[in-house]
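Turn these sequences into a full structure, and let the hints steer you where they fit.
Residue numbers (my numbering), protein chains in the order written: chain Z, 1073 to 1296; chain E, 216 to 439.
Bear in mind the hints are in silico, worked out from the structure with no lab data behind them.
Even glycine gets a Cβ: it sits at the ideal position worked out from N, Cα and C.
Treat the hints with care, since some could be wrong.
What the hints assert, rightly or not - Label pairs and their in silico Cβ distance ranges:
{"#": "1", "chain 1": "Z", "residue 1": "Gln1128", "chain 2": "E", "residue 2": "Val375", "range": "52 to 58 Å"}
{"#": "2", "chain 1": "Z", "residue 1": "Asp1242", "chain 2": "E", "residue 2": "Tyr354", "range": "17 to 23 Å"}
{"#": "3", "chain 1": "Z", "residue 1": "Thr1240", "chain 2": "E", "residue 2": "His412", "range": "24 to 30 Å"}
{"#": "4", "chain 1": "E", "residue 1": "Ser356", "chain 2": "Z", "residue 2": "Asn1150", "range": "26 to 32 Å"}
{"#": "5", "chain 1": "E", "residue 1": "Val310", "chain 2": "Z", "residue 2": "Asn1277", "range": "41 to 47 Å"}
{"#": "6", "chain 1": "E", "residue 1": "His412", "chain 2": "Z", "residue 2": "Gln1128", "range": "37 to 43 Å"}
{"#": "7", "chain 1": "Z", "residue 1": "Lys1287", "chain 2": "E", "residue 2": "Tyr354", "range": "16 to 22 Å"}
{"#": "8", "chain 1": "Z", "residue 1": "His1107", "chain 2": "E", "residue 2": "Tyr354", "range": "21 to 27 Å"}
{"#": "9", "chain 1": "E", "residue 1": "Thr361", "chain 2": "Z", "residue 2": "Asn1109", "range": "20 to 26 Å"}
{"#": "10", "chain 1": "Z", "residue 1": "Ile1274", "chain 2": "E", "residue 2": "Trp427", "range": "49 to 55 Å"}
{"#": "11", "chain 1": "Z", "residue 1": "Ser1276", "chain 2": "E", "residue 2": "Thr361", "range": "30 to 36 Å"}
{"#": "12", "chain 1": "E", "residue 1": "Trp427", "chain 2": "Z", "residue 2": "His1107", "range": "14 to 20 Å"}
{"#": "13", "chain 1": "Z", "residue 1": "Asn1161", "chain 2": "E", "residue 2": "Glu346", "range": "15 to 21 Å"}
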Amino acid sequence: MKVHREKRTYQRFFCEAIVSLLFVSTLFSSCVNDHCNENMYAPLNVAFYSELDTSQQAGLAFLLVQGVGTDTITLASNLTNINLTLDANQSSSSFAMGFPLPEADFCIQESENHFTSLIDGQTYTLKGKINEDIYLFNNRLEDSKKFLSLDDSIFIFQKIKFDTLKITYDRAIEFVSAECGCMNTYTLKTAGFIHKGIGETIISNPLINSQNNEKHIRVYLENY
Amino acid sequence: MLMFSVAMPMDAKDSERPTKTLYGVFVDADILHPIFHLFNHDRMGVNADVQIDLWHKLYPTFTLGYDWFDASDEYAYPIAANNNLYKVEGLYFRVGALYNIWKKDYSKPLNPMAFLGVNYGCSPHFQYTIENYPINNEYWSSNNNTFQANGHTISHWGEVVGGVKTPIAKNFCLGFEVMYKFLLHIRDQQSGNNLIHQSYSPGFGDKESGMWGFRYTISYFFHL
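Here it is in structure tokens:
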């Protein structure tokens, strides 16, 4: 009799436990990871070196970069390398670049009598209508004073050289995950300046598939 | 066959010692996932298993299931506006064994049981469909392309299982299982130049947060 009662107790315990666990399970069963924790930007890193001492990275007072065909100008200051974004719809990208000569100077005229300097290490992304009369990326070897009128400020450059860096590559897409989506990855084929006078380029790492501070292209600058 | 037909020695009470090797076969159907489908139409799953009752102690199991999961809404956290689709579906199976740790009454064909066990799971040829995931090219163009892909791949995982099961009527049992799952591998697919990782596998769930699984079962016991 006691055994029979004990067994019924067990069965009741099991039934209650099973029904309770059903409700617990509903709390967990629809779990998905819906946040992307991956860095989805794989930039091309261009590093600058001195042609005179190829083991030393060259520090540039500033650098102007514009993807040819875009309306975005990146103005970076006090840098030794820069990240560029390749065109995911094409097999080549060209970047107009303004390099400072040694002892180049640069300032921003915000009003008639108000001039400011760039903050060291800061990258400015400028968008606006470029004044074609004074913004002369095509006039690549001028080292006289240049003006760039953007965002109600006038950027004044002295001793600056312009050239266009052309890069060709194979493009691929990495579908990272459902929550992160697609990342563009590239394998570099060629890289070089269209005109002479800036320096030599070498592809040091052709594979661009993550943001891990790898240097993909090395530019050995003349006069540095 | 010989092993299953050999009776155990009868030198103890029937209730304390197994009287034969093969007591019967459970056929379980999971009702938890069809219930979830009533509340969440983006996912549907069915599975059933066969458990062989050896000595009321050891239960070799084989599970066959099918999962269909449209993850578009759940994964669309950063890119919800693009009508992107990520869907997987396919068959999977599990093989393993459970061990009954509860007190046994060998005079009865069915007893309440609590069990622990391990499983190996595999979805050998599940299908994935990826549509309308944007390919970011914002720097160069305001018109982003989208990524589409579909194909088949394979996943493997392991499980540690715990659960309870109790008779509720003649030959019928109610059961609940909790599974801790660990992913062994989901094969990445190369599609042309593109590389595709999966976020979800039938039978396993979300790659990042699918560690816990649940089954709520109705079983029928076939006496042998």
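Does the Cβ pair E:Trp427, Z:His1107 satisfy 14 to 20 Å?
holds, 18 Å
Quick one: are Z:Thr1240 and E:His412 within 24 to 30 Å, going by C-beta?
The hinted range 24 to 30 Å holds for Z:Thr1240 and E:His412, with Cβ atoms some 27 Å apart.
Does the Cβ pair E:Ser356, Z:Asn1150 satisfy 26 to 32 Å?
holds, 31 Å
Using the beta carbons of Z:Asp1242 and E:Tyr354, state whether their distance is inside 17 to 23 Å or not.
holds, 19 Å
Okay, E:Thr361 versus Z:Asn1109 on CB: inside 20 to 26 Å?
holds, 23 Å
Could you check the hint for me, namely that Z:Lys1287 and E:Tyr354 are 16 to 22 Å apart, CB to CB?
holds, 20 Å
So the hint says 52 to 58 Å: do the beta-carbon atoms of Z:Gln1128 and E:Val375 match that?
holds, 57 Å
State, for the Cβ atoms of Z:His1107 and E:Tyr354, whether the hinted interval 21 to 27 Å holds or is violated.
Since the Cβ atoms of Z:His1107 and E:Tyr354 sit about 25 Å apart, the hinted range of 21 to 27 Å holds.
Could you say whether the range 49 to 55 Å given as a hint is met by the Cβ separation of Z:Ile1274 and E:Trp427?
Since Z:Ile1274 and E:Trp427 have Cβ atoms about 51 Å apart, the given range 49 to 55 Å holds.
A range of 37 to 43 Å was offered for this pair. Does it hold for the Cβ distance of E:His412 and Z:Gln1128?
About 40 Å separates the Cβ atoms of E:His412 and Z:Gln1128, which means 37 to 43 Å holds.
Just tell me: holds or violated, for the beta carbon distance of Z:Ser1276 and E:Thr361 against 30 to 36 Å?
Given range 30 to 36 Å: holds, Cβ gap about 33 Å.
Is the distance from the Cβ of Z:Asn1161 to the Cβ of E:Glu346 consistent with 15 to 21 Å?
holds, 19 Å
Hint violations for this structure: none, all hints satisfied.
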